[in-house]
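Here my numbering is used: the sequence shown runs in plain steps of one and ends on residue 1020.
Check before you lean on any hint, since a few could be wrong.
[Claimed, not checked] Below, computed lysine to any residue pairings styled on SDA-like, alpha-carbon distance capped at 20 Å:
id	residue 1	residue 2
1	K710	C586
2	K792	I851
3	K924	K984
4	K270	D339
5	K270	G348
6	K902	E930
7	K343	V372
8	K718	S785
9	K540	D428
10	K924	S939
11	K794	V946
12	K718	E806
13	K781	A692
14	K744	Y852
15	K924	S960
16	K800	D836
17	K781	Y852
18	K544	I634
19	K544	S633
20	K547	W536
21	K370	N266
22	K744	I851
23	K718	S703
24	K984	R948
25	K924	E908
26	K902	G711
27	K370	V380
28	K343	E269
29	K744	Q767
30	K744	R760
31	K370	L394
32	K300	D428
33	K744	E726
34	K781	I851
35	K942	E806
36	K794	E726
37	K544	C586
38	K792	N840
39	K710	P779
I should point out that these hints are in silico values taken from the structure, not numbers from a laboratory. As the structure is a prediction and not an experimental result, all values here were calculated from the model.
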Amino acid sequence: MFSSRVLVLILGCLWLTEAATNTLNHGEKLNLSDSLVSQNGAVSLGFHRQDYGVTWDDKEFGYYLAMYYTQDIFNHSIWMANRDDPIADDSGVLIVDDTGLKINRTGGNPIQLFSLQSTFIAINGSDMKLVLHNSGNLVLQGTDIENGENVVLWQSFDHPTDTFLPEPMKLGVSHGRRISLTSWLTDSIPASGSFTLEWDPVGNLLVIRLRERILWSTRDIQSLDPNQIYNFTYVSSPDEQYLYYTTVISQLALEKNPRVLFRYDGSLVNGGSQLTISGSNACDGHSTENGCKRWEGPKCRNKGDKYEVRSIRPTHRVSLNNTLMGNTSLSINDCKDICWNDCNCLGVYAQMDLGCQFLSGPYDEGVLGGMSFQVIIRNRSKSKTWIWILISIAIALTIIVLLSTLFYLRRRRQARKEEEYLLDLMTSEDASEIRELQTGNKAHNLNIYTAELIVSATNGFSPENLLGKGGFGPVFKGTLGDGLEVAIKRLSRGSTQGLVEFKNELILIAKLQHTNLVRLLGFCVQGDEKMLVYEYLPNKSLDSFIFDESKRKLLDWDKRFSIIEGIAQGLLYLHKYSRLRIIHRDLKLSNILLDQNMNPKISDFGMARIYKTNEAGTNTNRIVGTYGYMSPEYAMDGIFSEKSDVYSFGVMVLEVVSGRKNNSHFEFDRPLNLVGYAWELWKHGAALELMDPSLIDSCPKQYQVLRCITLGLLCVEDSPLDRPTMSDVISVLNGEMQLPLPKQPAFSTGRRIAETDVGDREMENYSVNGLTMSTMDAR
242 MFSSRVLVLI
252 LGCLWLTEAA
262 TNTLNHGEKL
272 NLSDSLVSQN
282 GAVSLGFHRQ
292 DYGVTWDDKE
302 FGYYLAMYYT
312 QDIFNHSIWM
322 ANRDDPIADD
332 SGVLIVDDTG
342 LKINRTGGNP
352 IQLFSLQSTF
362 IAINGSDMKL
372 VLHNSGNLVL
382 QGTDIENGEN
392 VVLWQSFDHP
402 TDTFLPEPMK
412 LGVSHGRRIS
422 LTSWLTDSIP
432 ASGSFTLEWD
442 PVGNLLVIRL
452 RERILWSTRD
462 IQSLDPNQIY
472 NFTYVSSPDE
482 QYLYYTTVIS
492 QLALEKNPRV
502 LFRYDGSLVN
512 GGSQLTISGS
522 NACDGHSTEN
532 GCKRWEGPKC
542 RNKGDKYEVR
552 SIRPTHRVSL
562 NNTLMGNTSL
572 SINDCKDICW
582 NDCNCLGVYA
592 QMDLGCQFLS
602 GPYDEGVLGG
612 MSFQVIIRNR
622 SKSKTWIWIL
632 ISIAIALTII
642 VLLSTLFYLR
652 RRRQARKEEE
662 YLLDLMTSED
672 ASEIRELQTG
682 NKAHNLNIYT
692 AELIVSATNG
702 FSPENLLGKG
712 GFGPVFKGTL
722 GDGLEVAIKR
732 LSRGSTQGLV
742 EFKNELILIA
752 KLQHTNLVRL
762 LGFCVQGDEK
772 MLVYEYLPNK
782 SLDSFIFDES
792 KRKLLDWDKR
802 FSIIEGIAQG
812 LLYLHKYSRL
822 RIIHRDLKLS
832 NILLDQNMNP
842 KISDFGMARI
852 YKTNEAGTNT
862 NRIVGTYGYM
872 SPEYAMDGIF
882 SEKSDVYSFG
892 VMVLEVVSGR
902 KNNSHFEFDR
912 PLNLVGYAWE
922 LWKHGAALEL
932 MDPSLIDSCP
942 KQYQVLRCIT
952 LGLLCVEDSP
962 LDRPTMSDVI
972 SVLNGEMQLP
982 LPKQPAFSTG
992 RRIAETDVGD
1002 REMENYSVNG
1012 LTMSTMDAR
């Protein structure tokens, strides 16, 4: 197989002569007639001709710089320098010069194995030398000019081919370098083949991949050596995670050429005896036995299907050239993988292990002179089993559908009864009879009022008692017989909200108790009348102060900051600490009520929704709420989550700081709403110009205003992932977390759609004194 093998054997036997050396010094050359031999004579390095046996890449042979065991009867190299770049003739010369280590050749560019420019160490080029060690490691070493120490610049053990040698060779990750083996393309072509052998330090697994996909793995490394010749060990440190092995029995006694060979078919072979010890040669990506990993194959393949060699005469076949993915050679293993994933393919024929023909039609089997195809044999019993499985699944699905239909009809009938029961209970004058719909527990001490009592309390719903109007209907002030002042929400017959919203608010708010949530006292359902009775808050809603030229002056900065913080606390309770976990969906200043001490209370829960703790987002076809306060994903796609409330909160913060409505028009270099105007001011370093002019004399804490403006912009960012949670909002308001830089918000002049606009910023701890104007730079 090798025209120069006789020369190698002679050199191996005469290693004690003056001609034998293990060192190539600076300026010296190694050509076809020369070789390096280790000091113990076990390993030699030289140029060799490799005959391919077929025409590959328009060539029938190539010359390689290869390393061999001198007494290896199997004539298989243990390392090659230029496996993927063969030399066309015998002109190859290995040389150590001032540039590093390279192979010169005629008719082609040099093959640079190591360049001195790739190292940061100051090396005296003239001191470099190449040494072949007894271990089979070819090492280029030099002298560090700064400290005079001898350093390793390059070594073959960091660039193995298909052979795993004993220690100090290793597989794994060493100082950032991944060291793995790659099989030959065929039994006679050394080019990189289909299989890769590597050590997985995370799972402590020896892994074989076929074109990057895991084909085989094992954690029981010692089982690869049934004769107990080798002792495998893996090492894990901050800089290295690797596998190595040592010989247990004397090399002279049993194993003269210790090595593990990774063959072209994916098998692991004891190099000295050529006995297969394990590997993926029996795996086709569909087996799960002996370490094989099953891939997700097409539906036409069943578990138990396999390849078998059959002598056939095909009536129809398709040829495929010997290239895959541009310049990567196509082996029989690649052909089998392609065929397995093609339901029209019945088998594959390898043309001297390169290229392939696919069997795609009828064929005659067992004929004389037939072709040896790898034919996919179907697991017939498995196919029949699948038929019965499918029948069983169909029957089971039918039963499930019938049971589900019956269950649905029963629940629907029960829901109707519960609704009628609720209405009956609501008209009852005995409050002790009220029961919650879902749990059956006692109610939350809600009072049930008669319509006559409500009419009397409001003076017949007198216009003088009208406090305001909303989507639910008008809100009236009333005084009960005991002198208690209350606010009464009356459902209008023409209201867009109906019984569902009425019940929603009644059931939800009855279970919520927080100082920043409005308190429900009771309800009234009588005939067409549906009313909710709340505590009366004399200062009405927040918008009546913020958007009124005279009344806004009553809210200095400390009161506004306290209101912002109170709203945030109420939202945090809804999102995180209430046992129902609620999304409000209709937050706006008109739904924030103020008590006599100007403490904010969130109201109007008719649109609120309960969500699960681990629920990322919910989709709805019914969009409710107020435009300008709606988040982009909710207004456009109907997707809402707790981040939808965060968006509304951000709009409210900007309104409270500025004293202006979000739908106000501002002229910058184009028409803008409040959010867009705030962004432009912040981007140009003039964010404080957004502050309500009435606050100038009452606001010594300008850093607090700037923090709120920045927080508001963060809350109205386009992507929900970029917005903070209410927990983060509270921490920012308390000065416990740092503000990241905001991006351009949504709905400033129109919604931006950008695939890369995904938030990956985290809040960080900081001190209050760390926030200054100079840190706010737009991006």
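Verification of the supplied hints:
1. Our distance criterion of 20 Å between C-alpha atoms is broken by K710 and C586, whose separation comes to about 72 Å.
2. For the hint pairing K792 with I851, the CA-to-CA distance comes to about 36 Å; that exceeds 20 Å, so the pair is violated.
3. The hinted pair formed by K924 and K984 meets the criterion: a straight-line CA distance of about 9 Å does not exceed 20 Å.
4. For a cut-off of 20 Å, the pair hint linking K270 to D339 stands: about 13 Å separates their Cα positions.
5. Distance hint between K270 and G348 is fulfilled; the C-alpha atoms sit about 18 Å from each other, no more than 20 Å.
6. Distance check on the hinted pair: K902 and E930 sit about 16 Å apart at the alpha-carbon level, within 20 Å; holds.
7. With a C-alpha separation of about 15 Å, the suggested pairing of K343 with V372 holds against the 20 Å cut-off.
8. For the hint linking K718 to S785, the alpha-carbon distance of about 16 Å falls within 20 Å, and the restraint holds.
9. For the hint linking K540 to D428, the alpha-carbon distance of about 34 Å lies beyond 20 Å, and the restraint is violated.
10. With a C-alpha separation of about 25 Å, the suggested pair K924 and S939 falls outside the 20 Å cut-off, and the hint is violated.
11. A hinted pair counts as satisfied when its Cα atoms are at most 20 Å apart, and K794 with V946 qualifies at roughly 16 Å.
12. Distance check on the hinted pair: K718 and E806 sit about 28 Å apart at the alpha-carbon level, beyond 20 Å; violated.
13. For the given pair, K781 sits about 24 Å from A692 by alpha-carbon distance, which is inconsistent with the 20 Å threshold.
14. Simply put, K744 and Y852 have alpha-carbon atoms about 17 Å apart, close enough for the 20 Å limit, and the pair holds.
15. Note on K924 and S960: the hinted pairing holds, with a Cα-Cα distance of about 19 Å set against a maximum of 20 Å.
16. For the proposed pair K800 and D836, the alpha carbon gap of about 13 Å is at most 20 Å, so the pair holds.
17. Restraint check: the Cα-Cα separation between K781 and Y852 comes to about 30 Å, which exceeds 20 Å; the hinted pair is violated.
18. Under the criterion of a C-alpha separation no larger than 20 Å, the hint pairing K544 with I634 is consistent with the structure, at around 18 Å.
19. Simply put, K544 and S633 have alpha-carbon atoms about 19 Å apart, close enough for the 20 Å limit, and the pair holds.
20. Between K547 and W536 the alpha-carbon distance is near 13 Å, which keeps this suggested pair within the 20 Å criterion.
21. Annotation: proposed proximity of K370 to N266 holds, straight-line Cα distance about 4 Å (limit 20 Å).
22. Taking the CA atoms of K744 and I851, the gap is about 13 Å. The hint holds against a cut of 20 Å.
23. About 9 Å separates the Cα atoms of K718 and S703, which keeps this hinted pair within 20 Å; it holds.
24. With a C-alpha separation of about 15 Å, the suggested pair K984 and R948 falls inside the 20 Å cut-off, and the hint holds.
25. The straight-line distance between the Cα atoms of K924 and E908 is roughly 15 Å, inside the 20 Å bound, and the hint therefore holds.
26. For a cut-off of 20 Å, the pair hint linking K902 to G711 stands: about 18 Å separates their Cα positions.
27. This hinted pair checks out: K370 and V380 have alpha carbons roughly 8 Å apart, not beyond 20 Å.
28. Only pairs whose Cα atoms come within 20 Å are accepted, and K343 paired with E269 is accepted, the gap being roughly 12 Å.
29. A C-alpha spacing of about 14 Å is found between K744 and Q767, which places the hinted pair at or below 20 Å, so the restraint holds.
30. Between K744 and R760 the CA atoms are separated by roughly 16 Å; this keeps the pair inside 20 Å, and the hint holds.
31. In summary, the hint linking K370 to L394 is supported, as the alpha carbons are separated by about 10 Å, within the 20 Å threshold.
32. A C-alpha spacing of about 16 Å is found between K300 and D428, which places the hinted pair at or below 20 Å, so the restraint holds.
33. Restraint check: the Cα-Cα separation between K744 and E726 comes to about 23 Å, which exceeds 20 Å; the hinted pair is violated.
34. For a cut-off of 20 Å, the pair hint linking K781 to I851 is broken: about 27 Å separates their Cα positions.
35. For the hint linking K942 to E806, the alpha-carbon distance of about 15 Å falls within 20 Å, and the restraint holds.
36. Note on K794 and E726: the hinted pairing is violated, with a Cα-Cα distance of about 27 Å set against a maximum of 20 Å.
37. Under the criterion of a C-alpha separation no larger than 20 Å, the hint pairing K544 with C586 is consistent with the structure, at around 17 Å.
38. This hinted pair checks out: K792 and N840 have alpha carbons roughly 16 Å apart, not beyond 20 Å.
39. Proximity of K710 to P779 is assessed by CA-CA distance (about 16 Å); at most 20 Å being required, the pair is judged to hold.
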